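Visitor: These are the residues of each chain, in order.
There are 2 protein chains.
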Amino acid sequence: MDIREYLKKEKEKIDRYLEKYLPPEGAYPSIIHKAMRYSVFAGGKRLRPILLLTAYRAVGGKKEEDVMPFACSLELIHTYSLIHDDLPAIDNDDMRRGKPTSHKVFGEAIAILAGDALFSFAFELMLKTRVPPGVLRKAMEVLTRAIGTSGIIGGQVMDIEGEKLEPDPRLLRYIHSHKTGAFISAAVEIGGILGRGKKKEIEALRKGGGYMGMAFQIVDDILDVVGDEKKVGKKTQKDATSGKITYPAVYGLDGARRRAERYTHLAINSFERLGKKGKVLVEIAKFLFERDR
Amino acid sequence: MDIREYLKKEKEKIDRYLEKYLPPEGAYPSIIHKAMRYSVFAGGKRLRPILLLTAYRAVGGKKEEDVMPFACSLELIHTYSLIHDDLPAIDNDDMRRGKPTSHKVFGEAIAILAGDALFSFAFELMLKTRVPPGVLRKAMEVLTRAIGTSGIIGGQVMDIEGEKLEPDPRLLRYIHSHKTGAFISAAVEIGGILGRGKKKEIEALRKGGGYMGMAFQIVDDILDVVGDEKKVGKKTQKDATSGKITYPAVYGLDGARRRAERYTHLAINSFERLGKKGKVLVEIAKFLFERDR
Numbered sequence: 481m482d483i484r485e486y487l488k489k490e491k492e493k494i495d496r497y498l499e500k501y502l503p504p505e506g507a508y509p510s511i512i513h514k515a516m517r518y519s520v521f522a523g524g525k526r527l528r529p530i531l532l533l534t535a536y537r538a539v540g541g542k543k544e545e546d547v548m549p550f551a552c553s554l555e556l557i558h559t560y561s562l563i564h565d566d567l568p569a570i571d572n573d574d575m576r577r578g579k580p581t582s583h584k585v586f587g588e589a590i591a592i593l594a595g596d597a598l599f600s601f602a603f604e605l606m607l608k609t610r611v612p613p614g615v616l617r618k619a620m621e622v623l624t625r626a627i628g629t630s631g632i633i634g635g636q637v638m639d640i641e642g643e644k645l646e647p648d649p650r651l652l653r654y655i656h657s658h659k660t661g662a663f664i665s666a667a668v669e670i671g672g673i674l675g676r677g678k679k680k681e682i683e684a685l686r687k688g689g690g691y692m693g694m695a696f697q698i699v700d701d702i703l704d705v706v707g708d709e710k711k712v713g714k715k716t717q718k719d720a721t722s723g724k725i726t727y728p729a730v731y732g733l734d735g736a737r738r739r740a741e742r743y744t745h746l747a748i749n750s751f752e753r754l755g756k757k758g759k760v761l762v763e764i765a766k767f768l769f770e771r772d773r
Numbered sequence: 481m482d483i484r485e486y487l488k489k490e491k492e493k494i495d496r497y498l499e500k501y502l503p504p505e506g507a508y509p510s511i512i513h514k515a516m517r518y519s520v521f522a523g524g525k526r527l528r529p530i531l532l533l534t535a536y537r538a539v540g541g542k543k544e545e546d547v548m549p550f551a552c553s554l555e556l557i558h559t560y561s562l563i564h565d566d567l568p569a570i571d572n573d574d575m576r577r578g579k580p581t582s583h584k585v586f587g588e589a590i591a592i593l594a595g596d597a598l599f600s601f602a603f604e605l606m607l608k609t610r611v612p613p614g615v616l617r618k619a620m621e622v623l624t625r626a627i628g629t630s631g632i633i634g635g636q637v638m639d640i641e642g643e644k645l646e647p648d649p650r651l652l653r654y655i656h657s658h659k660t661g662a663f664i665s666a667a668v669e670i671g672g673i674l675g676r677g678k679k680k681e682i683e684a685l686r687k688g689g690g691y692m693g694m695a696f697q698i699v700d701d702i703l704d705v706v707g708d709e710k711k712v713g714k715k716t717q718k719d720a721t722s723g724k725i726t727y728p729a730v731y732g733l734d735g736a737r738r739r740a741e742r743y744t745h746l747a748i749n750s751f752e753r754l755g756k757k758g759k760v761l762v763e764i765a766k767f768l769f770e771r772d773r
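Chains as they are written, first to last, in my numbering: chain A, 481 to 773; chain B, 481 to 773.
Isolated chain A (complex conformation):
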């Protein structure tokens, strides 16, 4: 299989659903719906929804459309967290995915509220997932643990606080595993839960997702140093000058690459426990390691 083609097709499909689900720009009050759509459609790989759907199919899930609301809700949550991260008070980023960030276009007040609105709408959408309510509840439990202070937000907080601290391998691992790893792991695990996978399968997905998330964030760090600004779509070399704790800063570029490779192998090992059905996830893990944007 051609993994690039697979990811492209999946992305296009998810974009169509996002287009369908999100409130139209004209809906009152128009400005907030414009801002929500602006950030959601400013690009993005749709990685988290793709992982959910791929894991869902890997455990034998057949009714993709039934779980599409949950898949798309992950992208909305991801977008909310980027909008807030980019705010002047936090990372103060003017560009994201090659376009001006929300607060540059709509002002800070609307950017904060657009993030909040995407977060809120994600839950509204998620509840439309067509699975038995007990299964949905379980999937939502996994999600909420991954996005709170024991997940994304915990990682973001230490990412900010860490700028004042000495680069330290333990802190670095905490930030990456929480800021990125937890959510990617949850995306894959939720796919397994919604697809009614066996306990062992779900466990393999959860672990593999966690490793893949770590590799993903380390590659992100590396691309910030060596990446082509046009391809990456945001200012590179930013981490180095801002004092952020990154893998290249702590281990050097080669050390960072070796660690990304190691996590990728661990992810592949986990996904291979699913047998032939884990093949696509293995390919995604490889692709994410080799990517240049």
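Relax, there's no trap hidden among the hints.
The list treats identical chains as interchangeable, and a pair is accepted whether it falls inside one copy or across any two copies.
When the alpha-carbon atoms are kept at most 30 Å apart in a straight line, the in silico DSBU-like pairs for lysine-lysine are as follows:
| no. | residue 1 | residue 2 |
| --- | --- | --- |
| 1 | Lys514 | Lys618 |
| 2 | Lys514 | Lys724 |
| 3 | Lys680 | Lys491 |
| 4 | Lys679 | Lys618 |
| 5 | Lys679 | Lys608 |
| 6 | Lys687 | Lys543 |
| 7 | Lys543 | Lys525 |
| 8 | Lys644 | Lys514 |
Don't read these hints as lab results, they were simulated from the structure. Predicted model, so just to flag it, every value in this text is computed and none were measured.
Knowing the structure of chain A, use the given hints to seat chain B on it.
Guide: What follows is chain B alone, placed relative to chain A:
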């Protein structure tokens, strides 16, 4: 019954549960858990949880402890929306409930993330409600509609945008019914749903809650003009100088009072449809109209 005593007892009970549910200050990363707790315990009437519990009992709900997670989650969502509202980019308020606002104490970055974390944790907590998952799903549907762009956020957006517009009775009603009415209505409706009320009862709760929410916000506007700063706990006279659209600004103080009274009567009429069981809600509606803080 003494409604003041009832509200005081309920508040104390809810505070105990909030104390139990929220992550401890020492949990890593400590700063974000401190910020979450700071705003939650900076005062507050706990009106939304009390309304949920009161409505729950009004339809015959007996296991209060089972629905306490949902009740408390409403207070967390309310607190998140206040933290974000107070931010410099939005209302730029330094004081709230007689104490410095989150961003004054923790800085803007942590204040934004503390709001996000409370929002996220509210959903994590809500999922612990001990009712059949189908009932929970229905209650969550009502909630998510009330807090998104068709509810609170829609109201906040027009509250901001409205400062640039001429005071207009229709816009004013939109802002108040969305910013405050929708959530208070949802609190009461959710209590009815979790208590497995009859369709007619839930409808009476929903409507009564909406009217009561309108009255509540109009009284808030009035207190901003005539209230004692020490009692109200925030800077008064602020709306008048900021160009915010308020009931006193559009209808004068007497006109605003008459309208608050009318909404209170409509709320009472709705709650009286529940018969004797609606008595406490009727008392709360009266109390909220007569309050001085």
